[in-house]
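J.: Residue numbers (my numbering): 1 to 374.
I should point out that these hints are in silico values taken from the structure, not numbers from a laboratory.
The structure displayed is predicted, hence computed values, not measured ones.
Among these hints, one or two may not hold up.
Said to hold, decoys possible - Ranges of calculated distance between the beta carbons of each label pair, as one might list FRET restraints:
(1) 248 - 227: 30 to 36 Å
(2) 230 - 267: 53 to 59 Å
(3) 35 - 65: 31 to 37 Å
As the list claims (entries may be wrong) - Distance condition first, Cα-Cα at most 25 Å in a straight line; then the derived DSS-like pairs of lysine-lysine:
(4) 151 - 217
(5) 262 - 295
(6) 151 - 37
(7) 217 - 228
No residue lacks a Cβ here, since even glycine has one placed at the ideal position from N, Cα and C.
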Amino acid sequence: MFNVSHPAITLVLLVGLTIITVVPLVAWITLGEGRDKKANLWFLGMFFYVINAGLFTMQFVLPAWLAFGVANTGSVMMMMLMTESLRREISSTKPNWEWLALFVGAWFCIYLLLIHEGYRGTWGVLFMGITMVTMQVRIIYLLIQVKTLYKSRSCLILILAFSMAIVTNLTRGASGLFPNMFIDLLGLSAVSNLFFINILVANILINFGYWGFVLEKIQIAKNIETEKAREQELKSTAFREYSEELQELVKQRDQMLMLVSKFASATSMAVFNTAIIHELSQPIQSLSLCLEGLKINIDQNQWLEANTQIDNGHQLTQKMGATLHSLRSLIQTNKPDLESLQMSKTLGQLIPIVQSECKRNDIVPTKFCWRESS
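Please construct the entire structure, taking both the sequences and the accompanying hints into account.
T.: In structure tokens form, the structure reads like this:
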């Protein structure tokens, strides 16, 4: 199928192509919702590497510019897309795709020229090795920054994988400087087999490491959401407790206002009762004096003065009766029917009590006029 000189080479090509194709495909599928734009860029780079591997396996039936020129350009595209994916993890600036496309195009033209001139195993390998090592060193630098940002252990796997790739590309590129030292990956020698296994292991580690890195990012995002939800719950609980405390304070305030109101009512009633006692005690004392004077006048047969004492006592009893009538009108609450009262009459009933309280407290009342609305 591949027009190879030995069946073992066919097996090596099939095993390598299967691993390089299946491993990233499985990683991409299993990530599910974790495939964001950065992950898609990364696996798009792996897709270009699969194209590289597919063209490499067909090198015996394809022209050199396609089997090696286009194929190795796919590896450069892979490195470029992986670099951009990692750069977006630590920076939000937009990439300059025009310059990147210009770089890839220029690289392809130079590499194609080296192949056409017959320098693929010398200057072409060196050019390829320098390019790949440079880009992989930059990727490791970005991985160190990403690891610091996310505290990711999977980045260590990626750093190991790209370090292995650097060793392979550096050694293979340096071989182009020496005549007859080109390392053919399908040479079935100990060195070529070691390089081939190193490439496959690095490919597996790259896919496994990035798969783990994406899962770590998903877990970090979930932890952040959980922490935010917990903080929100704590804030809600604190707000609810604070609201309950405020409600309790309002309840206590209402109770205090009720107590103050009751105390004020009791104080007002005490003042009112004192005024009533004073209002009644004065005429009673005067009436007692009138009765004593009346007794003395009767004993001495002073009838004129006795009549005067009787008139004074009668006036005092009328005054007490008027006071009691006013009190009865104020405190009576069980009348079956409400009656329309004139404010002047009501105030007139209160005037004796007010005058007595003013006199007791040395207050001079001011005359005022009350005009009722019609």
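J.: List, from low to high, the hint numbers that the structure doesn't satisfy.
T.: Structure breaks hint 5 only.
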